[in-house]
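Taken in sequence, the protein lines are chains A and B. Quick note: the first sequence uses our numbering, first residue 2, plus one each step. Quick note: the second sequence uses our numbering, first residue 2, plus one each step.
Please note that the accuracy of each hint is not assured.
Just so you know, same-sequence chains aren't split out, so a pair can sit in one copy or run between any two.
[Unchecked claim] Calculated lysine to aspartate or glutamate pairs in the DMTMM-like style (CA-CA distance at most 20 Å, straight line): (1) Lys-114 to Asp-130; (2) Lys-496 to Asp-314; (3) Lys-383 to Glu-523; (4) Lys-242 to Glu-382; (5) Lys-530 to Glu-292.
Worth flagging that the hints you see were computed from the coordinates, not collected in a lab.
Protein chains: 2
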Amino acid sequence: MFFLRLIRCRLFLVERKTDTIAKLFARNMSQSVDQTIEKMSKMDIKNDNSQQQPSQKKSKKDEAGKFLLKAPKGTRDFDPLQMAVRDNVFKKIIECFQLHGAVTIDTPVFERKEILTQKYGEDSKLIYDLNDQAGELLSLRYDLTVPFARYLAMNRLINIKRYQIGKVYRRDQPCAARGRYREFYQCDFDIAGVYDKMLPDSECVKIMADILTKVDLGDFQIKINHRKLLDGMFEVCGVPKDKIRLVSSSIDKLDKTEWTDVKKELVEEKSIDPEVADKIGEYAKLSGGMELIDQLKSDEVLNKNKSASEALDDLDLLFKYCAIFGIKDKLLFDLSLARGLDYYTGVIYEAILKGDLVDYIAEQQKKALAEKAAARAVAIEKAKGKKTKEILELEDEDADVNVSSGVGTVAAGGRYDELVNMFDKKQNVPCVGLSIGVERLFAVMEAKIKRDNLKVRACETEVYVATPQKGLVEERLRLCQMLWEANIKTEHSYKANPKILHQLQYCEENKIPYAIIIGQDEIENRVVKLREVASRAEETVPREKLIETLSEKLLKTIKTY
Amino acid sequence: MFFLRLIRCRLFLVERKTDTIAKLFARNMSQSVDQTIEKMSKMDIKNDNSQQQPSQKKSKKDEAGKFLLKAPKGTRDFDPLQMAVRDNVFKKIIECFQLHGAVTIDTPVFERKEILTQKYGEDSKLIYDLNDQAGELLSLRYDLTVPFARYLAMNRLINIKRYQIGKVYRRDQPCAARGRYREFYQCDFDIAGVYDKMLPDSECVKIMADILTKVDLGDFQIKINHRKLLDGMFEVCGVPKDKIRLVSSSIDKLDKTEWTDVKKELVEEKSIDPEVADKIGEYAKLSGGMELIDQLKSDEVLNKNKSASEALDDLDLLFKYCAIFGIKDKLLFDLSLARGLDYYTGVIYEAILKGDLVDYIAEQQKKALAEKAAARAVAIEKAKGKKTKEILELEDEDADVNVSSGVGTVAAGGRYDELVNMFDKKQNVPCVGLSIGVERLFAVMEAKIKRDNLKVRACETEVYVATPQKGLVEERLRLCQMLWEANIKTEHSYKANPKILHQLQYCEENKIPYAIIIGQDEIENRVVKLREVASRAEETVPREKLIETLSEKLLKTIKTY
Numbered sequence: 002m003f004f005l006r007l008i009r010c011r012l013f014l015v016e017r018k019t020d021t022i023a024k025l026f027a028r029n030m031s032q033s034v035d036q037t038i039e040k041m042s043k044m045d046i047k048n049d050n051s052q053q054q055p056s057q058k059k060s061k062k063d064e065a066g067k068f069l070l071k072a073p074k075g076t077r078d079f080d081p082l083q084m085a086v087r088d089n090v091f092k093k094i095i096e097c098f099q100l101h102g103a104v105t106i107d108t109p110v111f112e113r114k115e116i117l118t119q120k121y122g123e124d125s126k127l128i129y130d131l132n133d134q135a136g137e138l139l140s141l142r143y144d145l146t147v148p149f150a151r152y153l154a155m156n157r158l159i160n161i162k163r164y165q166i167g168k169v170y171r172r173d174q175p176c177a178a179r180g181r182y183r184e185f186y187q188c189d190f191d192i193a194g195v196y197d198k199m200l201p202d203s204e205c206v207k208i209m210a211d212i213l214t215k216v217d218l219g220d221f222q223i224k225i226n227h228r229k230l231l232d233g234m235f236e237v238c239g240v241p242k243d244k245i246r247l248v249s250s251s252i253d254k255l256d257k258t259e260w261t262d263v264k265k266e267l268v269e270e271k272s273i274d275p276e277v278a279d280k281i282g283e284y285a286k287l288s289g290g291m292e293l294i295d296q297l298k299s300d301e302v303l304n305k306n307k308s309a310s311e312a313l314d315d316l317d318l319l320f321k322y323c324a325i326f327g328i329k330d331k332l333l334f335d336l337s338l339a340r341g342l343d344y345y346t347g348v349i350y351e352a353i354l355k356g357d358l359v360d361y362i363a364e365q366q367k368k369a370l371a372e373k374a375a376a377r378a379v380a381i382e383k384a385k386g387k388k389t390k391e392i393l394e395l396e397d398e399d400a401d402v403n404v405s406s407g408v409g410t411v412a413a414g415g416r417y418d419e420l421v422n423m424f425d426k427k428q429n430v431p432c433v434g435l436s437i438g439v440e441r442l443f444a445v446m447e448a449k450i451k452r453d454n455l456k457v458r459a460c461e462t463e464v465y466v467a468t469p470q471k472g473l474v475e476e477r478l479r480l481c482q483m484l485w486e487a488n489i490k491t492e493h494s495y496k497a498n499p500k501i502l503h504q505l506q507y508c509e510e511n512k513i514p515y516a517i518i519i520g521q522d523e524i525e526n527r528v529v530k531l532r533e534v535a536s537r538a539e540e541t542v543p544r545e546k547l548i549e550t551l552s553e554k555l556l557k558t559i560k561t562y
Numbered sequence: 002m003f004f005l006r007l008i009r010c011r012l013f014l015v016e017r018k019t020d021t022i023a024k025l026f027a028r029n030m031s032q033s034v035d036q037t038i039e040k041m042s043k044m045d046i047k048n049d050n051s052q053q054q055p056s057q058k059k060s061k062k063d064e065a066g067k068f069l070l071k072a073p074k075g076t077r078d079f080d081p082l083q084m085a086v087r088d089n090v091f092k093k094i095i096e097c098f099q100l101h102g103a104v105t106i107d108t109p110v111f112e113r114k115e116i117l118t119q120k121y122g123e124d125s126k127l128i129y130d131l132n133d134q135a136g137e138l139l140s141l142r143y144d145l146t147v148p149f150a151r152y153l154a155m156n157r158l159i160n161i162k163r164y165q166i167g168k169v170y171r172r173d174q175p176c177a178a179r180g181r182y183r184e185f186y187q188c189d190f191d192i193a194g195v196y197d198k199m200l201p202d203s204e205c206v207k208i209m210a211d212i213l214t215k216v217d218l219g220d221f222q223i224k225i226n227h228r229k230l231l232d233g234m235f236e237v238c239g240v241p242k243d244k245i246r247l248v249s250s251s252i253d254k255l256d257k258t259e260w261t262d263v264k265k266e267l268v269e270e271k272s273i274d275p276e277v278a279d280k281i282g283e284y285a286k287l288s289g290g291m292e293l294i295d296q297l298k299s300d301e302v303l304n305k306n307k308s309a310s311e312a313l314d315d316l317d318l319l320f321k322y323c324a325i326f327g328i329k330d331k332l333l334f335d336l337s338l339a340r341g342l343d344y345y346t347g348v349i350y351e352a353i354l355k356g357d358l359v360d361y362i363a364e365q366q367k368k369a370l371a372e373k374a375a376a377r378a379v380a381i382e383k384a385k386g387k388k389t390k391e392i393l394e395l396e397d398e399d400a401d402v403n404v405s406s407g408v409g410t411v412a413a414g415g416r417y418d419e420l421v422n423m424f425d426k427k428q429n430v431p432c433v434g435l436s437i438g439v440e441r442l443f444a445v446m447e448a449k450i451k452r453d454n455l456k457v458r459a460c461e462t463e464v465y466v467a468t469p470q471k472g473l474v475e476e477r478l479r480l481c482q483m484l485w486e487a488n489i490k491t492e493h494s495y496k497a498n499p500k501i502l503h504q505l506q507y508c509e510e511n512k513i514p515y516a517i518i519i520g521q522d523e524i525e526n527r528v529v530k531l532r533e534v535a536s537r538a539e540e541t542v543p544r545e546k547l548i549e550t551l552s553e554k555l556l557k558t559i560k561t562y
């Protein structure tokens, strides 16, 4: 037991070290791997202190007054600059949802455990449970969709168009370099209700396109397919009914895996007849636009299948509506798209970014992963002569270091008509929706800011009130009050007699566009000096004209990014 | 064991019933207590089914396909209208924080358990722990202040002016009628750093006043005191050093309790000499403005005490700065204000609402609690002849039903110079901050909306595109696309051939200001009918003038509340 604990602590340390290294590189800090590792080695001592057995832990900690100061594994704090980026992305997304008339709801961060069971298949093991503290058994939410379905069933709602933004929790193996966290945001939009074919569905695709246009992170493509087309296609190829989901999950890998490998999986692992596999392969390699729909509609074998034929009619209509919405060029009808989740029943779609930012990120990611691998190698070297198992586990973790996943899917969704039924058999509430991969969009936005050297401000301060002499603090407060009253975002020093140089430095560091300087002379003449921080140009403005002059200037100030 | 479980289930049912009743009344629904109780009785059957022992639970549930559809105890969903109110309050608060140049950060919803221990005294028992799923021991955050201190210590930050809005978790006894939940928002603003006296402190008080002015929920008062003045005052009265915190917590009750009762507590429970208690009483009853500071400054006994004399200098300066900020009239120097939290070290303050909304809410609350009491009485009557313990517990819960707490404190804060030290002895990061009681502000805002019959919209849709004949769905989509392109918030029906009456009803129900109606005639003449929903007035507008005309009208549309 103690031995196992020791190994776990060790692994934890290595993990923490490599995570930190990855983070440092991601932030483009100028430390070399060696320097970082040296730092980490020092952490070893500290960590070893606080990773004692529970019985010893408390007294040790009290003695030294030391804590292991870190956010829980797989989670992160957002600093002010990251928050500015994050809020900016959210703002654009919410604007799009509201443009389409959506309302929003909120549900608790945890649910009664039974609400979440039997919803996520194998992934259920990733659910965080709360301690049983003599009450209900609770779990942290795993996504926003199941709580939404619970909300609909509980309130007997038969239609709603809602968005919801909130954090969800998965006890997955975290990987900062890949942007995989245990606490992350989901950002969902769904239309629930019995409506006519493809009208809500096409609006979801439209919203997805609008958002990706608005966040302005390069070109994108939305792949589209239909669960019923997949069902029909597999059926006519000769896949037994009970193997359709199995085959479907293999086909879904075609965006990253060669057909020969997928075929091998189908034949060898899933016992699909090689001829059947080949027939599937013929279909799955197809992708295109409306002409492909026409082509499949004239495929006699496929068209005799009711499921496939209905799906093709749906897709035909969807493309027609999307053409009206001006997004036809963004769509790609792709027969290999299958989507992982079990609950989809109709149209499915997912969006990927294209363009040079994606290449840039893949490159950065490769670098970060290589650094991670190097750090691991050093750790393994250091661990040599210690327990063999430890080294083996380290080496095992190494295995996936060289696979760079790039940006991946940034938005996805589809129709799920049966989920609300799971909570209340009497309710029929068909749904269609989409989820924006906001964590990925944050990461891409951060990469863009870094690559293009964009200015980002953590605060929105418009003017800073500075005094060049001592004893003027009250005069400063009086000016601040005047500016706050006029709704102008204002700061000043919290030192009574700050140095003028420090005050002006603060303005430049925080990219505050204007400074107001007021000294004895200015007070006597009832004027202020108005300084444009970037150019350092100054002008004298009568005090009673200050608000007016400043407001005009601020209107013309270009908002940073 | 089984017996205990049974009692717990029963109590849970009663609790759920009464909670639901309170909620129904809070929402002003027209059901009588009797009707509601009848409904609840029916729930009994359902609940009894799903409150089986764990081993039986699963099969029962699967059989019936039934879930106990509720949010976890002490938590709630927010529906779209509540969200609109909530977002509106948040928006105003954030605007104030940003007006003063604050940045924002985010921390995870859970922390390593050891970060939270020894921070909350007795209340630590209210912390939610996560299950030990073979990793770190984690707890849900109890407030935002301790994670903030952890963030400062971890990143070795020596100054920051930040706000943070997030949910926190307390396993307290929930009470919907009192607005006490287990999951609720905190909304904090703090200034950390070594600065000059009262400059950050007075800005915190100023921000508190600005926010309460901006949310526009009636007049308010900010009570102010100083921990060091309390310390000095108790000292000169003859309170032993080790009893200062004990005495302080009794004095803090003076806003709700008579002096005679507080004195009794001091003398009988806390063994304070009656003469000492009387001396304290003389000071504690004092409240006023700057003149009271002067008066105490000339109190020779008090002024010889270093702690008290420093505190009075602080308060003098604070009032002077607040006078410059134009909020002197809102302040009340109150020697009975002590604040509960251990970690305060300097100025403390808390704000209460005044005015008629407060009376209205107290009245409503009394009603709701009376209904709750009535429902409990019925439940007790029904439970008679059953287990005695059950009835006793029910009666016990009744005890506090008649105490109406009104609105209470809506914002509070103070200086805490030692908290960051708890994480890192080497760091000296004095802090001062404030916390807005947003859940209470939401409740007051909801009461205001109800009392004044204010219009609140859950969505922001500006125009609805309607068609009066069949077969025009594509024309509708074309118009929607045109409006979305122009950034006009637009909805339409998801039915292919909706009835015109239903479409116009939807507009009125959702308070959408304008409808565009397009039929065969309009298409032929390249015009649309533009209808003002409230007045039902219609005009014909050429299609190419639509965006321009509509944009102008929308600019003039008064935003609801």
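Under a CA distance limit of 20 Å, which applies to Lys-496 and Asp-314: within one copy, between copies, both, or neither? between (71 Å within a copy, 17 Å between copies)
For Lys-114 vs Asp-130, is the C-alpha pair at or below 20 Å within one copy, between two copies, both, or neither? both (8 Å within a copy, 15 Å between copies)
Under a CA distance limit of 20 Å, which applies to Lys-530 and Glu-292: within one copy, between copies, both, or neither? neither (67 Å within a copy, 37 Å between copies)
Given identical chains, is Lys-242 near Glu-382, meaning Cα to Cα at most 20 Å, within a copy, between copies, both, or neither? neither (51 Å within a copy, 58 Å between copies)
What label fits Lys-383 with Glu-523 when the C-alpha limit is 20 Å: within, between, both, or neither? Neither way: Lys-383 and Glu-523 sit 66 Å apart in one copy and 80 Å across, limit 20 Å.
The structure shown violates the earlier hints numbered 3, 4, 5.
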